[in-house]
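*Asks:* Please put together the full structure from these sequences, using the hints given.
One-letter residues, chain by chain:
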Amino acid sequence: MTTPFIDVSQLRCHFKSGDDLLAAVDGVNLQIAAGEVLGLVGESGSGKSTLGRVIAGLQARSAGTLLVDGKEMPHQYSRRQFRAMSTKVQMVFQDSYASLNPRMTILASLQEPLWSLGVRGKQARDKAAYWLDRVGLPQSAGERYPHELSGGQRQRIGIARAFIAEPKLVICDEPVSALDVSVQAQIINLLQELQREHNTAMLFIAHDLAVVRFLASRTAVMYLGEIVEIGPTAAVFESPRHPYTVKLLAAHLDGNPRERVLRSLADVKAVANKAPLASDSGCRFAPRCQLATRACSDSPPWLQLSVVDTEAACHRLAYIDGGGSQAQP
Amino acid sequence: MSLLNLESLQVSIGSVQAVRDVSLSLQPGECRALVGESGCGKSVTAMSLLGLMPNAAETAAQHWQFAGRDMAHLTERDWRKLRGNQIAMIFQNPMTALDPTQTIGAQIAEPLRIHKGLSRRDAKKRAIALLERLAIANPAQRAEQYPFEFSGGMLQRAMIAMAVVCEPELLIADEPTTALDVTVQAEVLCLLQEMRESSGTAMLFITHDLGVVAEIADSVSVMYAGQTVESGSLTQVFTTEAHPYTQALKRAVPSLENPRPLEAIAGTPPDLRKPPTGCGFAARCSQRMAVCEQAPPPMSVGDSHIARCWLWHEDHPRRWRDKDGFTNASVIGRSRR
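These protein sequences, in sequence, are chains A and B. The opening position of the first sequence corresponds to residue 1 in the working numbering, with each subsequent residue numbered one higher. The opening position of the second sequence corresponds to residue 330 in the working numbering, with each subsequent residue numbered one higher.
Worth double-checking, as some hints may not be accurate.
[To be verified] Covered stretches of chain A (in silico footprint by chain B; criterion: 3 or more residues with CB under 8 angstroms from a CB of chain B, positions within the stretch not fixed): (1) 108-118; (2) 184-196; (3) 237-248.
[Claimed, not checked] Covered stretches of chain B, as calculated for chain A (at least 3 residues, CB under 8 angstroms): (4) 541-548; (5) 583-589.
[Said to hold, decoys possible] Computed list of chain A residues with no C-beta within reach of chain B, every gap over 10 angstroms: (6) P4; (7) R134; (8) G152; (9) E166; (10) L303.
What the hints contain is simulated information worked out from the structure, not anything from laboratory work. In this text, a Cβ means the ideal position worked out from N, Cα and C, and glycines have one as well.
*Replies:* Structure (structure tokens):
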């Protein structure tokens, strides 16, 4: 087996919150192979963005190991390490306006990643011009400033900037959720084309399940700091194992007018979200789970292989795999 | 008799013709979705319905009736009696729409005191009862808290409470679930549905999320570049989309059930400072014809199903079959696949 490009094990990222220790990411194991698209879904507060930022080196981790290309990375990077890392891993952010320097022209912003690689002058300018064209913008856009472009155009620049230094992995943190529906489709298609063209690995973080289903070959579901289910996208979406995945999919509205998903309040009632603490014992989903037993609140579950070749962290996996009903009483 | 009847609304703000021609009608208890992308004028339409346009805006309508009343020449005094009482609104961002210096309970009680003349204490009691109905735990204690102490989903429920507390005849919801997680969105939609069923309130639900529309609406109006381009019942608009924009919009959204290639809509919406003289969508339309240089009037597709597109003109070849007794929409829907 070849070594995965990213290999994360027992990764933790804890923050102080009053007297407690908030466990934004709590013991995550994850591999991303070269050229693979991994989708990461979950509600806000599930730690999916933090996980992305740790892998990109923007956030120091509290514990665990992070191997990039087989090399172990320190908890916190020095300037030099960060620069070296940024040639391999790049990020596309949700807020395209906040991620561009308002005082730099678009062309300068595009060249910046190249400058840090030592590519300068005409060579850098030519490459930036090529990428402007590649993401579908006119050359005249290069002379403009970020505020002069529309949200969709700025996100195209964000994408060009991430791909221009030819990284091995691009982490996309909700790249389309701030955009209009018709622009979303343009950006998603562009990301897919570029990913295939350059065979870049991608970690695609989103709360829109349909977008992840469309782009990702493997999908991980996060809940309160932990990966609760991971596997091939089709299997995760078609036969979800973890009760949380089931709930998440049930809440998705697919635009089919013949079939209304939400029947009554009792079905969908979301328990007030509790922040994950390092001191939690047991399964964090247990308070919202229809299948929870005593064991669920006593000891934490771990990822186990299911019959559909996905992995799910659930004490009741054997019951679910055995065809046990996930119907809500 | 319909509750709201708005024909050919036009709003211009400075040099921008934000709303060029919008017609809407709502029956009592009906939920109509108003679908469109940013800048298409859906929020401006909502604000006009509440009389909340800036002084610089010029508003005109051919016909504008609400609950049997002519709305075109209301004074600010009349509007104040109406707003929050007969027409109420749920805003997209509750954090900026609520007053950070007042308790949640006081803000929910305020419309009752102003419009229904309730005492402070009675109004507070009603507010707490309503919070309880909206599934907020410890409502009496929660009512004494300030907006910053609420989570996003709870704030949106407080906004809903504020809007429905006077049992308005029309509730306008401007993207009420866009900022929420899917599970919280499901809960808020359910609450709105229950409120609507129990009090018979009509609702104008503004959104760009077609999934939400399919879930909650009875009828749909699609807006593009300041105009309603298609309107009809939910099934008409979702199963036999008539306007090329509606069709393109549906193909641009990824689906969970049947993943298929996404077809993005090329180009951008027109600049409403200089709106095109012809069809607003023509520049991006794959079915463009020479006649699209002229502005299409709303044309009938079927029973109360209207599209602003020349494809539905009675002289268009596709409609010849109608005369032979074919049902029009299904034939066209098939021929496009």
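*Asks:* Next, verify each hint and record whether it holds.
*Replies:* For each hint, the structure was consulted:
no.: 1; hint: 108-118; result: violated (count 0)
no.: 2; hint: 184-196; result: holds (count 5)
no.: 3; hint: 237-248; result: holds (count 3)
no.: 4; hint: 541-548; result: holds (count 4)
no.: 5; hint: 583-589; result: holds (count 5)
no.: 6; hint: P4; result: holds (25 angstroms)
no.: 7; hint: R134; result: holds (16 angstroms)
no.: 8; hint: G152; result: violated (8 angstroms)
no.: 9; hint: E166; result: holds (25 angstroms)
no.: 10; hint: L303; result: holds (22 angstroms)
Violation of the numbered hints given earlier is confined to hints 1 and 8; the remaining hints are satisfied by the structure.
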